[in-house]
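Here's the letter readout for the chains.
2 protein chains.
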Amino acid sequence: MRTLYHFWISPACRKVRLALGEKGLKFDLEIEKPWERRHELLARNPAGDVPVLVDENDIVLADSQAICEYLEETYEDVPLLPKDRIDRAETRRLVGWFDRKFFFEVTDNLVEEKIMKRLTKSGTPNTAAIRAGHHNIHYHLEYITYLVERRSWLAGDNFSYADIAAAAQLSSVDYLGDVPWEQHPTAKIWYARAKSRPSFRSILADNLPGMPAPSHYADLDF
Amino acid sequence: MRTLYHFWISPACRKVRLALGEKGLKFDLEIEKPWERRHELLARNPAGDVPVLVDENDIVLADSQAICEYLEETYEDVPLLPKDRIDRAETRRLVGWFDRKFFFEVTDNLVEEKIMKRLTKSGTPNTAAIRAGHHNIHYHLEYITYLVERRSWLAGDNFSYADIAAAAQLSSVDYLGDVPWEQHPTAKIWYARAKSRPSFRSILADNLPGMPAPSHYADLDF
Numbered sequence: 289m290r291t292l293y294h295f296w297i298s299p300a301c302r303k304v305r306l307a308l309g310e311k312g313l314k315f316d317l318e319i320e321k322p323w324e325r326r327h328e329l330l331a332r333n334p335a336g337d338v339p340v341l342v343d344e345n346d347i348v349l350a351d352s353q354a355i356c357e358y359l360e361e362t363y364e365d366v367p368l369l370p371k372d373r374i375d376r377a378e379t380r381r382l383v384g385w386f387d388r389k390f391f392f393e394v395t396d397n398l399v400e401e402k403i404m405k406r407l408t409k410s411g412t413p414n415t416a417a418i419r420a421g422h423h424n425i426h427y428h429l430e431y432i433t434y435l436v437e438r439r440s441w442l443a444g445d446n447f448s449y450a451d452i453a454a455a456a457q458l459s460s461v462d463y464l465g466d467v468p469w470e471q472h473p474t475a476k477i478w479y480a481r482a483k484s485r486p487s488f489r490s491i492l493a494d495n496l497p498g499m500p501a502p503s504h505y506a507d508l509d510f
Numbered sequence: 289m290r291t292l293y294h295f296w297i298s299p300a301c302r303k304v305r306l307a308l309g310e311k312g313l314k315f316d317l318e319i320e321k322p323w324e325r326r327h328e329l330l331a332r333n334p335a336g337d338v339p340v341l342v343d344e345n346d347i348v349l350a351d352s353q354a355i356c357e358y359l360e361e362t363y364e365d366v367p368l369l370p371k372d373r374i375d376r377a378e379t380r381r382l383v384g385w386f387d388r389k390f391f392f393e394v395t396d397n398l399v400e401e402k403i404m405k406r407l408t409k410s411g412t413p414n415t416a417a418i419r420a421g422h423h424n425i426h427y428h429l430e431y432i433t434y435l436v437e438r439r440s441w442l443a444g445d446n447f448s449y450a451d452i453a454a455a456a457q458l459s460s461v462d463y464l465g466d467v468p469w470e471q472h473p474t475a476k477i478w479y480a481r482a483k484s485r486p487s488f489r490s491i492l493a494d495n496l497p498g499m500p501a502p503s504h505y506a507d508l509d510f
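Each protein sequence line maps, in turn, to chains A and B.
If you're matching positions, the first sequence starts at 289 in this note's numbering and goes up one per residue.
If you're matching positions, the second sequence starts at 289 in this note's numbering and goes up one per residue.
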């Protein structure tokens with residue numbers, strides 16, 4: 289059976305969960321706490337992080353984008369990249385935007401400080417970082433608004449890895465209740481459409497004991 | 289004419305310069321200082337960073353990995369990814385390793401603190417970050433050693449985007465004279481082989497007035 293080693297709040301892991309779900313591929317989820325540096329994790333991925341996907345035939349894959357490109361080349365029935373190579377470049381540009389720019393400007397400032405530091409007992413939240421995350425998220429929601437005012441989905445006519453990368457980041461931050469949806473109604477409509485897809489179900493069911501999600505988190509009609 | 293907007297010390301830009309060079313594609317280089325946030329740069333890439341490649345027919349591309357994947361799909365004569373999809377995933381895993389892990393653990397700590405803060409007049413170098421960069425680089429050179437003891441090049445039999453991503457990072461740090469080559473002779477031999485390739489020539493010719501490279505930087509027989 290296909291197994292995804294993941295940590296539930298990690299946006300990179302959520303990206304792969306969404307990709308597998310969109311492609312209709314069944315998988316088991318195994319929770320991995322990368323900070324425990326388990327020998328088995330390091331053997332599968334010397335970088336010591338998740339996601340790690342063990343596909344059929346024991347093929348071991350690491351790095352969320354390497355996994356997504358592999359899934360695209362291996363399971364072609366449900367494409368998550370456009371056919372045209374210029375459209376593909378545009379989609380990958382946006383994947384890079386959310387995987388890195390959004391992550392470092394927003395997710396890392398909020399999820400790392402508010403959740404990960406508590407779980408890993410690695411210090412107190414940095415309030416300047418949290419303030420920066422709250423400030424920066426508006427710019428990204430404005431960019432999403434700009435894109436979906438011009439296109440059906442973020443990278444063009446079809447739901448793609450760009451939407452998956454963006455929704456993965458936003459869903460992590462939304463678990464904290466830190467996405468100012470009301471101030472960005474167009475971005476909210478896009479997210480509601482993404483969130484309604486069956487691939488999103490397991491992510492909306494995530495719940496950490498002692499750290500519950502806000503009530504709108506799993507609500508499709510939020 | 290194809291034009292690459294770049295900043296000379298940026299490893300992401302060096303990665304694209306090497307990719308274009310390996311594929312035998314001619315290009316003009318235009319220096320862009322992203323911190324000046326020129327209107328023309330933002331119009332081409334809303335993320336406001338480099339590299340930005342304007343390919344033939346005025347196709348505008350941003351994000352180093354999106355550009356590299358586009359080049360691979362467009363100019364197929366000189367492949368920089370293997371044919372097999374599992375080998376491709378391994379190559380992309382290593383690209384991710386050097387683009388992100390090496391960058392944040394090493395390059396960002398050294399190049400950002402020692403060069404970029406001076407150029408952008410954005411504060412004094414953080415000595416703790418510099419110490420971390422000097423500490424972390426050993427682990428990465430050991431990983432390169434581990435790989436090339438088992439393979440001809442980092443990802444397998446052939447020179448690939450994995451070697452390009454790694455050499456791009458290391459060349460930026462090497463400009464500072466901060467790579468402890470003598471303690472990692474196997475990694476040094478791999479880098480000497482990479483550095484001898486014609487695609488490397490323009491990178492070895494880089495020289496910032498007032499901030500010269502150490503003498504071994506451009507020496508193929510260092």
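It should be emphasised that the hints constitute simulated quantities derived from the structure, not laboratory data.
For clarity, every value in this text was computed on a predicted model and none was experimentally measured.
Check each hint, because a few of them may be wrong.
Note: identical chains are not told apart, hence a pair may lie in one copy or across any two.
As the list claims (entries may be wrong) - Dumping the calculated SDA-like pairs for lysine to any residue here, alpha-carbon to alpha-carbon at most 25 Å:
| id | residue 1 | residue 2 |
| --- | --- | --- |
| 1 | 405 | 348 |
| 2 | 409 | 468 |
| 3 | 402 | 474 |
| 4 | 321 | 427 |
| 5 | 476 | 335 |
| 6 | 409 | 509 |
| 7 | 321 | 431 |
| 8 | 405 | 392 |
| 9 | 402 | 445 |
| 10 | 371 | 346 |
| 11 | 409 | 309 |
| 12 | 311 | 405 |
| 13 | 314 | 477 |
Do the hints match the structure? See the list:
Within a single copy, residue 405 and residue 348 get their C-alpha atoms no closer than 29 Å, and across copies no closer than 40 Å, so neither meets the 25 Å cut-off. In this assembly of identical chains, residue 409 and residue 468 lie within 25 Å of each other by CA distance neither inside one copy nor across copies; the values are 28 Å within and 34 Å between. Within a single copy, residue 402 and residue 474 get their C-alpha atoms no closer than 27 Å, and across copies no closer than 42 Å, so neither meets the 25 Å cut-off. Proximity of residue 321 and residue 427 under a CA criterion of 25 Å is satisfied inter-copy only: 22 Å between copies versus 31 Å inside one chain copy.
Taking the closest pair of Cα atoms, residue 476 and residue 335 come within 25 Å of each other only across two copies (22 Å); inside a single copy the shortest separation is 35 Å, beyond that limit. Proximity of residue 409 and residue 509 under a CA criterion of 25 Å is satisfied in neither setting, with 35 Å inside one chain copy and 48 Å between copies. Within a single copy, residue 321 and residue 431 get their C-alpha atoms only as close as 33 Å, which misses the 25 Å cut-off; across copies the closest is 23 Å, which meets it. Taking the shortest Cα distances, residue 405 and residue 392 sit within 25 Å of each other both inside one copy (16 Å) and across copies (19 Å).
Taking the closest pair of Cα atoms, residue 402 and residue 445 never come within 25 Å of each other, the shortest separation being 36 Å inside a single copy and 44 Å across copies. Taking CA atoms no more than 25 Å apart as the test, residue 371 paired with residue 346 passes between copies only; the shortest distance there is 20 Å, against 29 Å inside one copy. In this assembly of identical chains, residue 409 and residue 309 lie within 25 Å of each other by CA distance neither inside one copy nor across copies; the values are 32 Å within and 47 Å between. Neither within a single protomer nor between protomers do residue 311 and residue 405 lie at most 25 Å apart by alpha-carbon distance, with minima of 34 Å and 45 Å respectively.
Proximity of residue 314 and residue 477 under a CA criterion of 25 Å is satisfied in neither setting, with 28 Å inside one chain copy and 44 Å between copies.
In this structure, the earlier hints numbered 1, 2, 3, 6, 9, 11, 12 and 13 are contradicted, and the remaining ones agree with it.
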